[in-house]
Amino acid sequence: NAGVTQTPKFQVLKTGQSMTLQCAQDMNHEYMSWYRQDPGMGLRLIHYSVGAGITDQGEVPNGYNVSRSTTEDFPLRLLSAAPSQTSVYFCASSRTGFYGYTFGSGTRLTVV
Amino acid sequence: DQQVKQNSPSLSVQEGRISILNCDYTNSMFDYFLWYKKYPAEGPTFLISISSIKDKNEDGRFTVFLNKSAKHLSLHIVPSQPGDSAVYFCAAIPSSQGGSEKLVFGKGMKLTVNP
Chain A
1 NAGVTQTPKF
11 QVLKTGQSMT
21 LQCAQDMNHE
31 YMSWYRQDPG
41 MGLRLIHYSV
51 GAGITDQGEV
61 PNGYNVSRST
71 TEDFPLRLLS
81 AAPSQTSVYF
91 CASSRTGFYG
101 YTFGSGTRLT
111 VV
Chain B
1 DQQVKQNSPS
11 LSVQEGRISI
21 LNCDYTNSMF
31 DYFLWYKKYP
41 AEGPTFLISI
51 SSIKDKNEDG
61 RFTVFLNKSA
71 KHLSLHIVPS
81 QPGDSAVYFC
91 AAIPSSQGGS
101 EKLVFGKGMK
111 LTVNP
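Chains A and B are the protein sequences, given in the same order. FYI, my numbering numbers position 105 of the first sequence as 105, with every residue one higher than the one before it. FYI, my numbering numbers position 42 of the second sequence as 42, with every residue one higher than the one before it.
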């Protein structure tokens, strides 16, 4: 029972580099989301998806792209990393939000 | 503009006593509320939820109370245990706006339960 798997767990990027944070779930959940957690800011929604082929922006989408080609995978792409994107990123999935989201263990990203 | 507010950043209680974690919200469109618990270096885990048609929901040692008129909810943990020491997030869903995919989180509150 893997749940939500995020890779990598840690990453250091240089300003301007691009990378993809991977997220996979094995619970056949339709809803998937990406959040970032910053000190004193709680969790903020970046992008979300309510099913394969459907994505939408959350509260803080700038600088990030997503796609949802399968039910299982929901990668988050940083196109040109900036120090302001230094954060802990969490992927989550749910059957619907009312049943509570299952979160991955997070990716700690540092942009220098 | 913080729509879900957890105004106290931390709380310390003795083992066996009650822990009360508070949460206020400003958006009257929120009608479903959840509490998440987070240990260091782990993702948040779902704890308990409540719909706006109820004023109380209980699950073992955890009870959530909702006061819609005051736009206030609270999480009670009785009795508190050292393993409850974690950061607790309050979250809300504006389901009446079309979907449950947009959780709005508070900033979190660190609970420490002392043995």
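Bear in mind the hints are in silico, worked out from the structure with no lab data behind them. Check before you lean on any hint, since a few could be wrong.
As the list claims (entries may be wrong) - List time: in silico DSBU-like cross-link candidates among lysine-lysine, alpha-carbon distance up to 30 Å: (1) Lys9(A) x Lys107(B); (2) Lys68(B) x Lys102(B); (3) Lys102(B) x Lys56(B); (4) Lys9(A) x Lys68(B); (5) Lys9(A) x Lys56(B); (6) Lys110(B) x Lys68(B); (7) Lys107(B) x Lys14(A); (8) Lys9(A) x Lys37(B).
Hints versus structure:
no.	hint	result
1	Lys9(A) x Lys107(B)	holds, 23 Å
2	Lys68(B) x Lys102(B)	holds, 20 Å
3	Lys102(B) x Lys56(B)	holds, 23 Å
4	Lys9(A) x Lys68(B)	violated, 40 Å
5	Lys9(A) x Lys56(B)	violated, 38 Å
6	Lys110(B) x Lys68(B)	holds, 25 Å
7	Lys107(B) x Lys14(A)	holds, 28 Å
8	Lys9(A) x Lys37(B)	holds, 20 Å
The structure shown violates the earlier hints numbered 4 and 5.
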